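Undergrad: What follows is the residue order along each chain.
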Amino acid sequence: MAATAMDQDGGGGDVVTPGELLGNSLTLVAGRGAYADGRSVRASVTGHRRIVPPAPGSDDQRSTVEVVGHKAHGAVPQPGSVVIARVTKVMPRMANADIMCVDSKAIKEKFTGLIRQQDVRATEIDKVDMYQSYRPGDIVRAVVLSLGDARAYYLSTAKNELGVVSAQSIAGGTLVPVSWTEMQCDLTGQIEQRKVAKVE
Amino acid sequence: MEYVDPLTGFRVDGRRPNEMRKLKGEVGVVARADGSALFEMGNTRVIAAVYGPREVQNKGQQVNSKEALVRCEYRMAEFSTGDRRRKPKGDRRSTEISLVIRQTMEASILTHLMPRSQIDIFVQVLQADGGTRSACINAATLALADAGIPMRDIVTSCSAGYLCSTPLLDLNYLEDSAGGADVTVGILAKMDKVTLLQMDAKLAMDTFENVMGLAIEGCKAIATYIREVLLENTKRLECQRG
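Here the protein sequences come in this chain order: R and X.
Counting along the first sequence from 1, when you hit position 76 you're at 76 in the UniProt record's numbering, and nothing is skipped either side.
Counting along the second sequence from 1, when you hit position 99 you're at 99 in the UniProt record's numbering, and nothing is skipped either side.
Since the hints were derived computationally from the structure, they do not count as laboratory data.
Where hints are given, some of them may not hold.
Here are the computed distance ranges between Cβ atoms for each label pair [said to hold, decoys possible]:
1) R:Asp-98 x X:Leu-231: 54 to 64 Å
2) R:Ser-25 x X:Gly-213: 29 to 39 Å
3) R:Ser-63 x X:Arg-32: 31 to 41 Å
4) X:Glu-232 x R:Lys-159: 44 to 54 Å
5) R:Ala-36 x X:Leu-231: 44 to 54 Å
6) X:Ser-177 x R:Lys-105: 30 to 40 Å
Partial selection, computed: residues in chain R whose CB lies under 10 Å from chain X [said to hold, decoys possible]:
7) Gly-19
8) Tyr-35
9) Arg-42
10) Val-76
11) Phe-111
12) Val-165
13) Ser-166
Bear in mind that the values here come from a model prediction, so they are computed numbers and not experimental data.
Note that CB positions come from ideal geometry on N, CA and C, so glycine has one too.
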């Protein structure tokens, strides 16, 4: 564990509390758990101080200082992040989904997402039938388009690798992808329509 | 009544004028909450619980979607005052203190890092013996730090008063109700910035400066203590992790 290793050679003096001075902004960049206040870089959470050297070849030759706390922050969806969501409700022009994971991290709170008809696939976006794309209960991989309205994040599945990744058939069996629009039930062999994700 | 003994210079509870009550801080006392703390200043004992950052529950309260919404609820337990039952002032006092704590904590939390989310701070007074406002702010700071919420700095608060021509640090209930001035100060400890300053009654300008200076010294001592508690807790967690 990196933090523990740091602690051993730092002799335990590497634990910092909010507000503590970490260095000067001329030599350091504030990373996670740190912030710059004018010239000074300070800690914003309690945890271990860690210094990351600058990426080779980057213009900025300053090291980044991070403070890693003991409590992992619940991930929050950001525009552009890939999320895993469970479809809760399908309507003619949109589908609602509950976001469960952000960038492979499970989230603690519930966030709701909204997939609009025009965001389901990249081509023929006017001919999308929502009921032929999603069913309630489907697990969908999607990308966050924007923070959306006050109620939900806008999600999009308009890419090959986005769409339904796991679903159950009407019979209760697991659906296996057949093509990018079809999935087959492993119990009955019945074909169901979905916007299927191309999983690598 | 003599609040400072003219011979020995001791106060009614045996403290020196610039002496604080015994501090005690404990982190992680509410298992359900994201962060929690118990804070004692002498006989004043408060518990704070922090929930969040979580999604905004009541969208109507959201003023600025680019910043986290901070909410605070201050309550006093029925049994906290014992026989010295306070006059029924309605809920005015609690509302005011809730607001004060909220504003003070908001000044320190990096709200812009958590857009569209809310942070709930609940503080409950278990035992009241003067200085509940300060104790609540200190407890809330500890709880926020325990929850891992990014903050500019640790906010600490302490009160000071002026009785018998002596500036007194950290008033207890008896001294608080003596009718003298009561100055409550909240500071960002490392940055030397004042985020809260309240005073009831009047004071001469130069006395006020002395009293405020004393309160700031108290705040700094509390900040040192709070940092110790946090470091202790982090080390303990690390030992558990192995």
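Undergrad: Now, for every hint given, state plainly whether the structure supports it.
TA: Hint check results:
1. R:Asp-98 x X:Leu-231: 54 to 64 Å: Violated: the Cβ-Cβ distance is about 39 Å, outside 54 to 64 Å.
2. R:Ser-25 x X:Gly-213: 29 to 39 Å: Cβ of Ser-25 of chain R to Cβ of Gly-213 of chain X: about 31 Å, so the range 29 to 39 Å holds.
3. R:Ser-63 x X:Arg-32: 31 to 41 Å: Because 39 Å falls inside the window, the suggested range holds.
4. X:Glu-232 x R:Lys-159: 44 to 54 Å: Taking Cβ atoms as reference, Glu-232 of chain X and Lys-159 of chain R lie about 49 Å apart, which means the hint holds.
5. R:Ala-36 x X:Leu-231: 44 to 54 Å: violated, 23 Å
6. X:Ser-177 x R:Lys-105: 30 to 40 Å: violated, 52 Å
7. Gly-19: Interface hint status for Gly-19 of chain R: holds (3 Å vs cutoff 10 Å).
8. Tyr-35: holds, 6 Å
9. Arg-42: holds, 7 Å
10. Val-76: Given a least distance of 7 Å, the restraint on Val-76 of chain R holds.
11. Phe-111: With Cβ-Cβ at 6 Å, under 10 Å, it holds.
12. Val-165: violated, 24 Å
13. Ser-166: violated, 25 Å
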